Structures are given as structure tokens and as C-alpha cells.
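J.: The residues making up each chain are set out below.
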Amino acid sequence: MASMDQSAVLEARRLYNARLALKADKTRAVWFPIAVLAVLLALPLLQLTSSNYNYVLHLVLYTASYVVMASGWNILGGFAGYISLGHNVFFAIGGYFAGMIYARYGVSTIILAPLAGLVAAVVGYVIGRITLKVRGPSFIISSLALVMIFRILFDNWDFVGGAAGVSLPAIDLPVKWAKVPYYYAFVVMAAVTVYATYRIKHSKFGLGLRAISKDEIKAESAGIDTRFYKTLAFAMSAFFVGMAGAVWGEYLTYIRPNIFLIILVSVNMVLMCILGGKGTIAGPVIGAILIVAFNEACVIFFGGSEINILATGLVMALALMFFPLGIIGSLARSGRLPRILNWD
Amino acid sequence: MLTVTNLCKHFGGIRAVDGCSFTAEAGKITALIGPNGAGKTTAFNCISRTMAPTSGEVWLDGGRIDHLRPHEITAKGLSRTFQISRNLADMTVLENIVCQAPIRGWRGLMKPAMPPEEVAKAEGILEFLGISRLAHEDGANLSYGQKKLMDFAALLMSDPKIILLDEPAGGVNPSLLEEIIGHIRKLNEAGLTVLIVEHNMDLIMRLSHRVVVMAQGQVIADGPPEMVREDPAVLDAYLGGALEAA
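Chain order of the listed sequences is A and B. Counted the way the numbering used here counts, the first sequence spans residues 1 to 344. Counted the way the numbering used here counts, the second sequence spans residues 1001 to 1246.
Derived by calculation from the structure, the hints in this document are not laboratory data. A quick note: this is a predicted structure, and the numbers were derived from the prediction, not measured. Cβ atoms here follow ideal geometry from the backbone N, Cα and C, with glycine treated the same way. Just to be clear, a hint being listed does not mean it is correct.
Take a look, some chain B residues computed to stay more than 10 Å from chain A by CB distance [what the hints assert, rightly or not]: (1) Gly1012; (2) Ser1021; (3) Asp1090; (4) Gly1124; (5) Glu1189.
27 Å max Cα-Cα, derived DSSO-like pairs, lysine-lysine [as the list claims (entries may be wrong)]: (6) Lys1076/B with Lys1121/B; (7) Lys1076/B with Lys1147/B; (8) Lys1147/B with Lys1161/B; (9) Lys1028/B with Lys1186/B; (10) Lys214/A with Lys1111/B; (11) Lys1111/B with Lys1186/B; (12) Lys1161/B with Lys1076/B; (13) Lys1121/B with Lys1161/B; (14) Lys133/A with Lys1076/B; (15) Lys214/A with Lys1147/B; (16) Lys1186/B with Lys214/A; (17) Lys1028/B with Lys1111/B; (18) Lys1121/B with Lys1147/B; (19) Lys1186/B with Lys1121/B; (20) Lys1076/B with Lys214/A.
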């Protein structure tokens, strides 16, 4: 009798463990992100119809640009736990680097984007080497200081046009097709970034970053070179943000400090990650979609007021009350995350 | 194996460790004991470089390690646990342990986080410690004693030559204590050098081959446990002059 009882307990434990293991390795619905990508890649075909869908293309492109930036930010802010409010600096570096070459030599920024990303990454590595010595609030403040330094620099640097900026030649295509090259550039960049963050999260590097975000001293004594890991994470996140900046300048046909170096850009990256769930793969994507859609809806309903800024704050507060880990993070924690959104 | 020479750590005017020297011999269990505030944990922190020592030298296997960064020391084969178990919440026990597996070079960084051979090794360690049922549990859900065991498991994952245990028995129940003593003994028999900081005299006297006693940052006695137990300086440090008063 006694042994029977024991076997029941063991069986229950085995089932419990099997469930935990299953939770750790949930089969992913890989088809979903691929299907979304396929739909987005086919979307410009709408322009072949008689009406003009430039607005839709712009919205998707805009969202995709934020997906690139928020996912890039997520590498440092989400995985390593270093909240940077200064990532628009890399947006500016990418934008100015590619934009100036485009203005002078006519090389398309879409081709230059990876190179601009590398430049941003190198700058990021150097800056990270200095600022990553501190963490928590001190790091956040140092990242804000970075924005101010770069704002002053770019406002007064005549070679790049100072505060007035530089206007770039517009692309030589009919209006209906003018957005399409940028559209593809951003959608492809977004896909690459999301895939890259997925690969990082599932690598030794990603595991190390997660350890750093939880307990840096423990991580260091576990044999992780924390200084190198977090600086590399900084450089990688700068790479993606810089890439987005490169194409963004040409898309707007203008590079100017108050396009790139305004706090709104970096705050948006952070908000998107926090709303969607930082440290998750799908989080920044969902966050970018929601915040862009929400802003757009506010503009539609309330016109060119600033209600959207007020409302964004309200939505953030509510979201954090009900989804403290972000939408994806909280749903995953409670085991209610739909399969199709489990990209981790 | 591990030699500490004239180690000092000052916090402003406080000399937490003040010229402490001792040796942990290869294949032996050495215990570092002393009353509260004697500087044991600080000495530990300086050896594993979690803190930078003010002065002094630490040698491991004939190489000086006191200028290295903690992860380099871990790579050299010295691993430690923490007094208050520091584990990585939000990560499963298995992830916590695999996290401590050594990584080699650039290419190692992009390898999969949980390669099957490392998972198998981690499961083997958990089996050895008798907590394999916890493998997929969230690190934050563990009890205090389970966390101690998990720390222990993570320690072994890095293939250390010498392990530094900071109060492995602190706050654990008697039956778990027996378990921990058994594990330490088994590992030592397998050739692992052990350095322990501990308050539990029972554990110290039963396990250690050699006891180093610290008081006020200095080593006041050093020798086999039977000898140290009788040492008047040790009794004085622990009982604080109560003997003279009597």
C-alpha cells in the first residue's frame, strides 16, 4: 500500500516536471512571423490598383523603423537590463553618416545602412566602455547627458549644416512608387533585427546578458566577462538603431538635429519595449505597433492636438498596472500567451 | 595550491583584512573561521576579486591572480559561492547552472545557450546533488536550502580546481547540513581542493584537514582542527576575555 502511494507521488512529480519542461520549450508557431513578413512584402502590390496606398505604406514603414530601433534597444535595455534614454544618438550618427555620403556622392543610404550601423556600433562601443561602469539611475542620466552632448555638437557643426541641417535629394520615382524602396528597406531591416535578437537571446551571449541583468556580481564570478558582454550589447544595439537612422534621413529627404536628437525618439523606443515586454522578442514589435497605431488614432480623432502625448502617458500607466512585465512578458508569465506571439 | 600573502583590505580607517597570510593545500579541505567581523568574507572577496584588495598577493598554482578580473579567476579554476545565495531569478535552475559553463573565445559567444552536452552535464550534477527534480523550476521559487544546493551545482559546472564556499551551512536545517557535508567530502575525495568559511563548528571539525582562525583581520592560529581547538588565542578571540574574568 505504502509503495503504491509513493508511486502515485512520483508519477505526479514526473507529470509536473514534464509540464515545466514543456513550458521551458514551447513549440513555436514559426509560420506566423513568416506569414506576417510575407504579407508585408506583398503589400506594395496594392499600388498596382487604381487608388493610392501611400498612407498605409508610410504607417507600416514607420512602424518597421521603430521595430528596428526598439528591438535594437532591447538588446541592451531588455537583455542586459541597462536602460538607455540616449539611443537616438546612434539614430543620428547613422542618419548623418549615410546622409552626408548620400548628399555628396549620391550613394543610396539603403546600401550604406549596414556601414552606417557599423559606425554607430563603433561609437557605441567606445561610449559604452565609459558609461557602462555605472548602472541603474546613474546610467540613465549618463545616457541623457549623451543626447545633450551630441545635440550641442550637431547643432554647431557647420560641416553637417549645423542646426539647419542638410537637405537631401529626393528619390527620382513617381509619387506612387517613391516610398516603396524605403518600405522594403525598413521591412527587411525589421525582419533581420527581430531574427538577430532571437539568435542573440538563444546564444551563450544572450544567456550571459540575462545573467548580467539579474545580478552582475554573480554573473562575473560565474565566469562571464561582464564588461565585454555589456559593451558588446551596447555596440550591437547601436548598430541596429544606426541602421534605421541611415535610411530614415533619406526617406525624409532631410537630416537635421531636431529630427534625430529629440528625446521623443529615444523615449518611444523605451516605451515600446516596456509596453510590449522588454527582454522578449515579440515585445518591441507589439509595442511599436501599438504605440504607432495609438498615436495615429489620436491624431485621427483629435486632430493635430497634443492629446496623443497625454493619452500615451495614460495608456502606459494603465498597461503597466495590468501588464507589469509588458504585454508579452506578463502573458507569458501567466501562461496565457497565444502561441503565435511566442517568438522567444 | 592557493597561497595568500599579506593580504590587506582597508575601508577608510577600518582594516577589515590586515596582513592575512595562509595556504590552502591541494586536495585538502581548509576552513577559515573566526568571530563575526573577523574579515573572513572580505578575505574571500579579495581572493575571488569580487573586491580589490588594498595590498597583498594571491597565488593560485604558481600564478599570481590578485590583479585578474573575477571571470578570469573563475576561468583559472577558482569558483566561489556567496554567503547569501546569489542566484539568477527568472531563470530556471538548469539555466542558472548552464550559465556557469565555461565559454571559450568569440565563437563560443554565439553558440546555442543550452547545448545538449552542457544540459546533460548540468543534469548529471543535479542528480549528484539529488535535486534533479528542480531542473526546470524557476530559480526564484526555490527555498533557501535549495538555493544553496543550486549554488553548489552551478559551482561545479565551471570545472573548478578549487572551490571557495562562503557559509555553505548558514541557515540550513540539520538534515540538509548532513547532505552538504557529504557532498563536500565526496568532492574532496574526488580531488577537489576546498576552502570554507563557516560558523558551524561541528561541520568544521568533522570536515576540515586544516583550520585557519582569523580575528580582527589577522590570522591568529593555523593548524589541524584538534590543535586549533585547544589554542588559547582562539579561545580568547571567541570568548573575548571571559576566561580571564572567570
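J.: Against this structure, judge whether each hint is valid.
T.: The hints, checked one at a time:
With a least CB separation of 21 Å from chain A, Gly1012/B remains clear of the 10 Å interface cut-off, as annotated. Interface exclusion of Ser1021/B from chain A stands, the closest Cβ pair being 23 Å apart, more than 10 Å. Here Asp1090/B does not stay apart from chain A, with its beta-carbon only about 6 Å from theirs, under the 10 Å limit. The claim that Gly1124/B lies off the interface holds: its Cβ sits roughly 16 Å from the closest Cβ of chain A, which is beyond the 10 Å cut-off.
Every CB of chain A is more than 10 Å from the CB of Glu1189/B (nearest about 25 Å), matching its label as outside the interface. Between Lys1076/B and Lys1121/B, the direct Cα distance comes to roughly 20 Å. Compliance with the 27 Å bound is thereby established for this hinted pair. A distance of roughly 25 Å separates the Cα atoms of Lys1076/B and Lys1147/B; the hinted pair therefore holds under the 27 Å criterion. Proposed proximity of Lys1147/B and Lys1161/B is supported: the alpha carbons are some 22 Å apart, at most 27 Å.
Between Lys1028/B and Lys1186/B the CA atoms are separated by roughly 12 Å; this keeps the pair inside 27 Å, and the hint holds. About 21 Å separates the Cα atoms of Lys214/A and Lys1111/B, which keeps this hinted pair within 27 Å; it holds. At roughly 32 Å between alpha-carbon atoms, Lys1111/B and Lys1186/B are farther apart than 27 Å, so this suggested pair is violated. Straight-line distance between C-alpha atoms of Lys1161/B and Lys1076/B comes to about 8 Å, which keeps the hinted pair within the 27 Å bound.
Restraint check for Lys1121/B and Lys1161/B: the C-alpha separation of about 17 Å stays at or below 27 Å, so the hint holds. Only pairs whose Cα atoms come within 27 Å are accepted, and Lys133/A paired with Lys1076/B is accepted, the gap being roughly 24 Å. Distance restraint check for Lys214/A and Lys1147/B: the Cα-Cα separation of roughly 15 Å lies within the 27 Å cut-off, and the hinted pair is therefore satisfied. About 31 Å separates the Cα atoms of Lys1186/B and Lys214/A, which puts this hinted pair outside 27 Å; it is violated.
A distance of roughly 36 Å separates the Cα atoms of Lys1028/B and Lys1111/B; the hinted pair therefore is violated under the 27 Å criterion. Taking the CA atoms of Lys1121/B and Lys1147/B, the gap is near 19 Å; set against the 27 Å cutoff, the hint holds. Taken as a hint, the Lys1186/B and Lys1121/B pair is honoured in the structure, with Cα atoms around 18 Å apart against an allowance of 27 Å. Proximity of Lys1076/B to Lys214/A is assessed by CA-CA distance (about 24 Å); at most 27 Å being required, the pair is judged to hold.
In the structure shown, a violation is registered for the earlier hints numbered 3, 11, 16, 17, in ascending order.
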